[in-house]
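From first to last, the protein sequence lines are chains A and B.
Under our numbering, the first sequence is numbered contiguously, ending at residue 357.
Under our numbering, the second sequence is numbered contiguously, ending at residue 714.
It is worth saying that the hints were derived from the structure and are not from the lab.
Even glycine gets a Cβ: it sits at the ideal position worked out from N, Cα and C.
Please note: incorrect hints may appear among the correct ones.
Below 20 Å or equal to it, Euclidean Cα-Cα: the simulated SDA-like pairs (lysine to any residue) are [stated by the list, open to error]:
id, chain 1, residue 1, chain 2, residue 2
1, A, K295, B, N570
2, A, K295, B, A529
3, A, K335, B, N570
Under 7 Å between C-beta atoms, here's a sample of chain A residues computed to sit facing chain B [said to hold, decoys possible]:
id, residue
4, L170
5, D171
6, L177
7, S178
8, G238
9, A241
10, D245
11, V261
12, S279
13, I280
14, P281
15, L341
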Amino acid sequence: MQPTHTRLEATGAEDAERLLEVRKLKTHFFADEGVVRAVDGVNLSLKRGQTLCVVGESGCGKSVTARSILRIVPNPGAIVGGEILFQQRNGDTIDLAEMNPRGREIRRIRGGEISMIFQEPMSSLSPVHTIGSQIMEAILLHLPVTRQEARKRAAYMLDLVGIPRASEQLDAYSFELSGGMRQRAMIAIALACEPQLLIADEPTTALDVTTQANILDLIRDLQQDSGMSVLFITHDLGVVAEIADEVVVMYLGRDVESGDVDSIFHDAKHPYTRALLQSIPRYDSRDNRRLYSIKGAVPHPFDRPNGCPFHPRCDDFIAEQCNRIDPPRQVISGKHSVRCLLYSTAEEAPNNKDMLP
Amino acid sequence: MNRNSEIQPADSSAEPLLEVRNLQMQFPIRRGAFRRTVGFVKAVHDVSFQIRPGETLSLVGESGCGKTTTGRCIVRVYEPTSGQILYQAEGQERIDLAGLDNRDLRPFRREIRMIFQDPFSSLNPRLSILQIVGESLKVNQVASGSELEDQVASLLRRVGLRPEYIRRYPHAFSGGERQRIGIARALALKPRLIVADEAVSALDVSVQAQILNLMQDLQEELNLTYLFIAHDLSVVEHISHRVAVMYVGKIVELAATEDLFRNPLHPYTEALLSAVPKPDPRLRNKGARIRLEGEVADPSNPPSGCYFQPRCPYAEDRCRHEEPVVREIAKDRWVACHFAEELDLQGFEAIGSTTKR
Numbered sequence: 001m002q003p004t005h006t007r008l009e010a011t012g013a014e015d016a017e018r019l020l021e022v023r024k025l026k027t028h029f030f031a032d033e034g035v036v037r038a039v040d041g042v043n044l045s046l047k048r049g050q051t052l053c054v055v056g057e058s059g060c061g062k063s064v065t066a067r068s069i070l071r072i073v074p075n076p077g078a079i080v081g082g083e084i085l086f087q088q089r090n091g092d093t094i095d096l097a098e099m100n101p102r103g104r105e106i107r108r109i110r111g112g113e114i115s116m117i118f119q120e121p122m123s124s125l126s127p128v129h130t131i132g133s134q135i136m137e138a139i140l141l142h143l144p145v146t147r148q149e150a151r152k153r154a155a156y157m158l159d160l161v162g163i164p165r166a167s168e169q170l171d172a173y174s175f176e177l178s179g180g181m182r183q184r185a186m187i188a189i190a191l192a193c194e195p196q197l198l199i200a201d202e203p204t205t206a207l208d209v210t211t212q213a214n215i216l217d218l219i220r221d222l223q224q225d226s227g228m229s230v231l232f233i234t235h236d237l238g239v240v241a242e243i244a245d246e247v248v249v250m251y252l253g254r255d256v257e258s259g260d261v262d263s264i265f266h267d268a269k270h271p272y273t274r275a276l277l278q279s280i281p282r283y284d285s286r287d288n289r290r291l292y293s294i295k296g297a298v299p300h301p302f303d304r305p306n307g308c309p310f311h312p313r314c315d316d317f318i319a320e321q322c323n324r325i326d327p328p329r330q331v332i333s334g335k336h337s338v339r340c341l342l343y344s345t346a347e348e349a350p351n352n353k354d355m356l357p
Numbered sequence: 358m359n360r361n362s363e364i365q366p367a368d369s370s371a372e373p374l375l376e377v378r379n380l381q382m383q384f385p386i387r388r389g390a391f392r393r394t395v396g397f398v399k400a401v402h403d404v405s406f407q408i409r410p411g412e413t414l415s416l417v418g419e420s421g422c423g424k425t426t427t428g429r430c431i432v433r434v435y436e437p438t439s440g441q442i443l444y445q446a447e448g449q450e451r452i453d454l455a456g457l458d459n460r461d462l463r464p465f466r467r468e469i470r471m472i473f474q475d476p477f478s479s480l481n482p483r484l485s486i487l488q489i490v491g492e493s494l495k496v497n498q499v500a501s502g503s504e505l506e507d508q509v510a511s512l513l514r515r516v517g518l519r520p521e522y523i524r525r526y527p528h529a530f531s532g533g534e535r536q537r538i539g540i541a542r543a544l545a546l547k548p549r550l551i552v553a554d555e556a557v558s559a560l561d562v563s564v565q566a567q568i569l570n571l572m573q574d575l576q577e578e579l580n581l582t583y584l585f586i587a588h589d590l591s592v593v594e595h596i597s598h599r600v601a602v603m604y605v606g607k608i609v610e611l612a613a614t615e616d617l618f619r620n621p622l623h624p625y626t627e628a629l630l631s632a633v634p635k636p637d638p639r640l641r642n643k644g645a646r647i648r649l650e651g652e653v654a655d656p657s658n659p660p661s662g663c664y665f666q667p668r669c670p671y672a673e674d675r676c677r678h679e680e681p682v683v684r685e686i687a688k689d690r691w692v693a694c695h696f697a698e699e700l701d702l703q704g705f706e707a708i709g710s711t712t713k714r
């Protein structure tokens, strides 16, 4: 029942290229009212130097997935199953899901091998420390350098992310910078120790479009120079189309569809992916005044539907099937896979090419 | 093909429903123990435009450009520093809302209503839906008792909510449903003009599409006029008949939607359009993206000449000395740029809309 696993394990050559592999990750929150299955069996795989976008609406578990990788899931959440295999710089592969979230080992990885940037730079940066001291903190923690060298490197990092007058800005506080500059400062902190993996959780959502464009360019340039991988979490399909190599679409804690960016946008299979694509207003849809909209809303986390989580909102709902059977992951072709009963055998898949409106 | 000819509800010769003339809004900057005024933030600086009955006029621009302040002046949350807001009441003379005091404003507060951005903070959590939506009906003595309930129920039905929810409290609703409640509240007194301030910005794409469709339906049914304030250009392109682009408190360009997106005349409009991520990976790297250098000008200390001049790739000497005025260079095409006739700027299409289908 796990065609993907066997396929991936069979190819040894690809293995060396793979930096991160998340298998059947389950992160649940144990609240007083019940258990919220925020992440419920997510698979994703990221190669070196590539950008993987995790896309979905609020409450789909994309941020919890990212936090699970770094083991910073807040209470009362906990990883209850699955593996997070990460290839360290020394070549060893470790399972982050098994680590003690407060242990020495994971703290070495956080900031050193895997860094994260967040949506709201103002609330992620300390208002009482200068930008410089926050970058230096990360450097001194992970690299064997003196304070002078760390300060030099901090100035270099600020310059790298395009902050003007970098050596002066080392002594600035976060509130003295504009939104775009704060986000750049946060990227500088994240990249100070040259991580192998950058996790970016909606880093441009709070920014204006022109600033967003600059930050996306910056991340892409830095990635090209350093060869790091990026796990990019967003709800904005426009951003996904700009930067992703591969895409995972999430809905209610599940990876409903994953594949390379072109198949997701031009050959989407899952009804949810197709509906998402159709509901974005776009320039060439102007003849058609009404937007396609998905009926209903994302269900409350406590009453998660049985069977396929999307079935109450799905236009292709098959009665007595979709509400009972939890659809397995089906490989469509190559990396493209989908969880939907419409495709329970790949040959029968209806021809849904060019589903874009 | 030409959407604007199809849905243009009001010919440009019709009497405007609302005309804003030379609107100025300054906020004092106070410092020191005696709260002395040391300067002014010119949030809105000499803004003029008309809204025609039955149309949707959008105000777009980046954060801090004054679009929200303009909207708030029109609903008279703020008292403008100077300028006129001429409102055409039914069967009456035009009235300048800017000069009225609270008592005289009363009848117009029923006709000009507002929808807010954040559906979580704009509804009082201690009031039931009946109280929230019915409040204005009660205050204005339109209805009471069971009649009030009937009216609220029919308003809820109109915005696509079940009338049985009338006794529930806002926490029981999702973001999209709350936004519907906000719309029902705005509709209660049969308004003519609705100022929608980022009404869909906080919503997920699938829900955003539902609300946009609802707003368009209501506009047709009730002959509403919208002032739509937004920063998301694809949404604006979808819903508006005409668009005004603001930069640092001024309107830099105002035109019919199609003209503005296809053939922008102001360099800032061009830069904004080029920064919007296109939801199609095949368009990546097609068309040059204009990277705007530097930051949005400080409205308390704007640059000399044209406010956009320090970031404008086409700026010339004249731009640094002479402030461009907004002028009508073709019918219904307003622009504030010295070189509007000479520049050949890229629209949305040149950058590439989807070519396939």
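To see whether the hints hold, each was checked on the structure:
1. For the given pair, K295(A) sits about 12 Å from N570(B) by alpha-carbon distance, which is consistent with the 20 Å threshold.
2. Proposed proximity of K295(A) and A529(B) is supported: the alpha carbons are some 18 Å apart, at most 20 Å.
3. Between K335(A) and N570(B) the alpha-carbon distance is near 36 Å, which puts this suggested pair outside the 20 Å criterion.
4. Against a cut-off of 7 Å between C-beta atoms, the interface hint on L170(A) is violated, since the closest Cβ of chain B lies about 19 Å away.
5. With a least beta-carbon distance of about 19 Å to chain B, the hint placing D171(A) at the interface is violated under the 7 Å criterion.
6. With a cut of 7 Å, the hint placing L177(A) at the interface with chain B is violated, because the nearest CB-to-CB distance is about 10 Å.
7. Using the Cβ-Cβ criterion of 7 Å, the hint placing S178(A) at the interface with chain B is satisfied: the shortest such distance is roughly 5 Å.
8. Nearest Cβ of chain B to the Cβ of G238(A): about 3 Å, under the 7 Å cut. The hint holds.
9. Nearest Cβ of chain B to the Cβ of A241(A): about 5 Å, under the 7 Å cut. The hint holds.
10. Taking 7 Å as the C-beta contact cut-off toward chain B, the hint placing D245(A) at the interface is violated, the least distance being around 9 Å.
11. Among the interface hints, the one on V261(A) holds; its C-beta lies about 4 Å from the nearest C-beta in chain B, closer than the 7 Å criterion.
12. Restraint check, S279(A) versus chain B: the minimum CB separation of about 4 Å is within 7 Å; hint holds.
13. Annotation: I280(A) was flagged as interfacial toward chain B, and the flag holds, the nearest CB pair being 5 Å apart, inside 7 Å.
14. The closest approach between the C-beta of P281(A) and any C-beta of chain B is roughly 4 Å, which is under the 7 Å cut-off, so the hint is satisfied.
15. This hint is violated: L341(A) has a C-beta 21 Å from the nearest C-beta of chain B, more than the 7 Å allowed.
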